[in-house]
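Protein chains: 4
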Amino acid sequence: MIIKLKNGVKKEKIEELIKEIEDMGLKVSTAVGENTTILGLLGDTSKVSKDDMKSKEVVDDVIRIQEPYKKANRKFHPEDTIIRLNNGTQIGGGTFVYMAGPCSVESEEQIVSIAKKIKESGATILRGGAFKPRTSPYSFQGYGPKAIDYLVSAKKETGLALVSEIMEINQLKYFDDIDILQVGARNMQNFDLLKELGKTDKPILLKRGLSATYEELLMAAEYIMSNGNTKVILCERGIRTFETATRNTLDVTAVPFLHEKTHLPVIIDPSHAAGIARYVRDLSLSAVAVGADGLMIEVHENPAKAFSDGAQCIIPDEFDMLLKATKQIHELRKSL
Amino acid sequence: MIIKLKNGVKKEKIEELIKEIEDMGLKVSTAVGENTTILGLLGDTSKVSKDDMKSKEVVDDVIRIQEPYKKANRKFHPEDTIIRLNNGTQIGGGTFVYMAGPCSVESEEQIVSIAKKIKESGATILRGGAFKPRTSPYSFQGYGPKAIDYLVSAKKETGLALVSEIMEINQLKYFDDIDILQVGARNMQNFDLLKELGKTDKPILLKRGLSATYEELLMAAEYIMSNGNTKVILCERGIRTFETATRNTLDVTAVPFLHEKTHLPVIIDPSHAAGIARYVRDLSLSAVAVGADGLMIEVHENPAKAFSDGAQCIIPDEFDMLLKATKQIHELRKSL
Amino acid sequence: MIIKLKNGVKKEKIEELIKEIEDMGLKVSTAVGENTTILGLLGDTSKVSKDDMKSKEVVDDVIRIQEPYKKANRKFHPEDTIIRLNNGTQIGGGTFVYMAGPCSVESEEQIVSIAKKIKESGATILRGGAFKPRTSPYSFQGYGPKAIDYLVSAKKETGLALVSEIMEINQLKYFDDIDILQVGARNMQNFDLLKELGKTDKPILLKRGLSATYEELLMAAEYIMSNGNTKVILCERGIRTFETATRNTLDVTAVPFLHEKTHLPVIIDPSHAAGIARYVRDLSLSAVAVGADGLMIEVHENPAKAFSDGAQCIIPDEFDMLLKATKQIHELRKSL
Amino acid sequence: MIIKLKNGVKKEKIEELIKEIEDMGLKVSTAVGENTTILGLLGDTSKVSKDDMKSKEVVDDVIRIQEPYKKANRKFHPEDTIIRLNNGTQIGGGTFVYMAGPCSVESEEQIVSIAKKIKESGATILRGGAFKPRTSPYSFQGYGPKAIDYLVSAKKETGLALVSEIMEINQLKYFDDIDILQVGARNMQNFDLLKELGKTDKPILLKRGLSATYEELLMAAEYIMSNGNTKVILCERGIRTFETATRNTLDVTAVPFLHEKTHLPVIIDPSHAAGIARYVRDLSLSAVAVGADGLMIEVHENPAKAFSDGAQCIIPDEFDMLLKATKQIHELRKSL
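Chains as they are written, first to last, in the UniProt record's numbering: chain A, 1 to 336; chain B, 1 to 336; chain C, 1 to 336; chain D, 1 to 336.
These are computed hints drawn from the structure, not numbers from a lab.
A portion of the hints provided could be inaccurate.
Any copy will do: because identical chains look the same in the list, a pair fits if it lies in one copy or spans two.
What the hints assert, rightly or not - Keeping only pairs whose Cα atoms sit at most 20 Å apart, straight-line, the calculated EDC-like set for lysine to aspartate or glutamate is: (1) 261 x 61; (2) 4 x 67; (3) 27 x 79; (4) 199 x 179; (5) 50 x 61; (6) 195 x 60; (7) 11 x 23; (8) 202 x 318; (9) 117 x 215; (10) 173 x 196; (11) 4 x 44.
Put together the whole structure using the sequences plus the hints.
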């Protein structure tokens, strides 16, 4: 951490600050320029708050050099984290995983039928929303526990693993048979939820918030991991920018950046990114080419009748082609 | 709601769609141009999902004309909502309210002392964080229930009303003596929390999310209001933009815009907006001049020792001057 | 174009407005709802200004349905535009083109040497900056006409086509032997420059502005095209978002979106997007997979000594591997 | 400037880099931590390019501590710059200035008539567009030199000073009688234009680009100033954010921030910021309260018939009230 002092600060004040920092167990290196004095803090500064430092009377600016995350940091854990599910699916470490299914679980029939189709195409994880975060209170809010039951039926019939969103910690009791708990973009900094999920031993699919920086995403993962659960999968799903022709802007650079900084797997959700079904295929190709560890795709047998997000759903035949195409790119990429 | 159809769509398909829409109780007006056919949906479209419409096979684009919020809409409730607290404070309807206090409650002594000072200056509501949403799991997370007790002591000593943040619905039991429950920016779309708060009869201070549009903020208010609680206070606290020289960018236009669209009071938090104490005064002047219904200001007796957000705290003397200055602008504005 | 009228507007006023619109040669369809009256404008509305309509007394809001660009619009020109250079290079229409070279031309030796290397790898267009737009007036501003001479030498030696940036119309006289004139991101809405370039018959590489929407990019192309020059190549090079860990955010969705809306070729510049050399390869793979028509890559033999933008330059060996890898993805994509 | 080195870098490589930096006339202070080595560069680093440093092999990251602007920097020029026009108007240094007039000059009659009205209200500078930057090539592009003549007539009749936009350096010959040359937001980084304007002795009104950071705005001013012309007026006119309910988002924090960093005057254009006439008054109040040095307001006698931007124009009566109201706030602010 670098601390830039204000101009014309008294020597005693600087010494006071240095002492305070040394009392935290850090070493301080001082560099005095013509117009600026800077302090370099050496040691583990991950627990030093940048904002707190900034509030000191003699401090002009504070720049963090060291990443504030530790558990999620590849520097301290160089090997890829690999998450293994009961049905044999492996996430991270060079494999490529497919999660697919409807936005909302609409009926037992629907979810079982779609599960069979995506399985046939080669997906190993079924997605389906039971508790739905909707912008409007007047939109369909999900079937809740009943929808979880339907998902479990689909799992029994197909052997697919399950991923579904948890919005509130009191819902945890319904998720016993769900293999991966999803935290939605709007809940990425719902810290109480993150802490509680950190106490479970379920893999957590953590979606990047609409305007969350890479560092904030990693700090959200750190909330889960520092509470004991290291099985976190990161998901880039489009960020909010000035461009409104698509719902969000898919940020593919997140993949190489996160792979460099963290050992956690990173998947991409192109369905929410674009919000437009006809772009999902191209964005999926882009995602696998850039090095993602998997895809999460919304698939529905009749998008026009979907209870939610129909505009971004592709149909099973399209998913089948998408899977085959991305698989080939994945193979090619591995060989490069 | 306007629906733009794709080019070259078959007549039967259009008639099918029109029938489907009419079955929802809406009327449809059709306009056929050379290259484009558009349908105008007439009636209450607030419950029609834009995304769902977009997923129909023949639909190219959907534009919402009517606001999707009803309870929060000034069109259906032209008079200002006025919220009255037990200590006589009135929020909305032309008055100007001051909420002030430290970011975090740090001790009983601290909060009682600061409460006395801000009261002397003229504030009527004391703010103080008991449950703290922090980006890092390694930062101070707030003293929780104990901090609430300290706040209540300060209330007893001073008669100030209290506002404090609730992060999770299970914390509600601690908030009996808190007059206003605050929902933080990162929880603005924590829909389960909003729904539960909608079942209480406490005033809710709803902070705008870092990248929430005005409409999303109003839809979050609608979540609370449609569950029965109409006492919502909106708070602009800076949005996330490309500019990083300040923590966030204060969006003063939110005030006239929201006042036009909704009857709910709108206050401004300049402390979080800038993140820099020395800009708080100018931004406060700006906030009152633009027509806000109040200010929420972080005040601390020794910012350099604050447990959180010290960099944006002003000291009691500065608050005293700020209050006097903004009061004069408020009086002047009323007279214009 | 859809016009939403204000509530409670007098009938005569509406009729006045309708007459005014009909006088422009358009037809008007009226739909009257309970709370809202909307007018649908039918005909060629590309010359009707949305802002002008919005300023009418009785108008509440205006929504454009038709795209405001005509020459660039695929609707009126369904076939891909293909741009053919003198050295046989073809841009658009299914081929994949490589433009490579240093940010700045630094010497004749340098540019000839790098030209040979990228040619050997398979690139057909050499890039090199003669006039440099730099954020700081104290940074190297390019060697100007002399640099153009060096580029021409490299062209003579290698047969590569040339692309270089023009910043000001008075520089046009130096660009006789440059095959493609580049308009930089910061000049995308330098309308006088666009108009003048529209009067030349050189292919124009138009870079998307840092915060330009797709529509604004297409309108900038329209400025060139409506002045007579239809040889425009669009270039996505990263947009400005809240994320500052990389210099810009590469927006790959621009490719399928623009391909749908326009017949112009779309290439990607991953070097400027990330600003970090080690991400260039992954982003290039992503660009070809998403369907771009080509890449523009900064290549330098000794990035640490580059006069500008060294941090984003890759070395010739890396470019060689990148080209081979992306070529394979391109072949695979065509076969899907 | 702080340089963070990569981990595990060889000692000789570091010494090489240090030597290279010292050869630039700078001193280097080294701090060695457990995981990180950082170099502090002391001396005038304004001419050291951050990007160039970043491209060095052993460098991981570069952080600028010193501002890269010198002429515009208050540190080296503590007193406010005051710009004096021939008609006695003073900009900067505690006065408050009004620039008003139509978006486009439409006729001699129009501009003379509006000039008289704004003068009567108390404005001292007349604005009017002769060369118009329009998003669409099909929109009205301004009357050019003829419009300048009309402005000059208005000046002769009223004694008002004139401000008008120059889009291209070849237009300079028409601007002899224009008192202030305006550089539009889209041209803020048209560096060739800035350089040429730096060689004139006319005051330059430099508008902040739609997505320009404060630092980029100051660097654009530096382009003008380093070429000899120090009479620069900065103008905040709204930035582009995710919020699209208004055309742009007015960033009032720019005022205290820029006042701290630079000695140049800072005015606000609320008309372009909101794009909506009915918010102009509130935003103007906000602008004066936050400490701006003046306002630029679009005024038109019949906004519905305006050739451009009618939606954001207010009428003379509204301007008269706005001026009186803001003047009172300005007086009050000075007394605080």
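Tested hints:
1. Within a single copy, residue 261 and residue 61 get their C-alpha atoms only as close as 25 Å, which misses the 20 Å cut-off; across copies the closest is 14 Å, which meets it.
2. Taking the closest pair of Cα atoms, residue 4 and residue 67 come within 20 Å of each other both inside a single copy (18 Å) and across two copies (12 Å).
3. Neither within a single protomer nor between protomers do residue 27 and residue 79 lie at most 20 Å apart by alpha-carbon distance, with minima of 30 Å and 39 Å respectively.
4. For the homomeric pair residue 199 and residue 179, the shortest alpha-carbon distance inside one copy (15 Å) is at most 20 Å, but the shortest distance between copies (33 Å) is not.
5. Both within a single protomer and between protomers do residue 50 and residue 61 lie at most 20 Å apart by alpha-carbon distance, with minima of 9 Å and 18 Å respectively.
6. With identical chains, the CA atoms of residue 195 and residue 60 are never at most 20 Å apart, being 34 Å at best within one copy and 33 Å at best between copies.
7. Taking the closest pair of Cα atoms, residue 11 and residue 23 come within 20 Å of each other only inside a single copy of the chain (18 Å); across copies the shortest separation is 31 Å, beyond that limit.
8. In this homomeric assembly, residue 202 and residue 318 never come within 20 Å of each other (Cα to Cα): the closest approach is 31 Å inside a single copy and 41 Å across copies.
9. When the C-alpha separation of residue 117 and residue 215 is checked against a cutoff of 20 Å, the pair qualifies neither within a copy, at 37 Å, nor between copies, at 38 Å.
10. Proximity of residue 173 and residue 196 under a CA criterion of 20 Å is satisfied in both settings, with 12 Å inside one chain copy and 19 Å between copies.
11. Within a single copy, residue 4 and residue 44 get their C-alpha atoms as close as 19 Å, and across copies as close as 16 Å, so both meet the 20 Å cut-off.
This entry does not satisfy hints 3, 6, 8, 9, going by the numbered hints stated previously.
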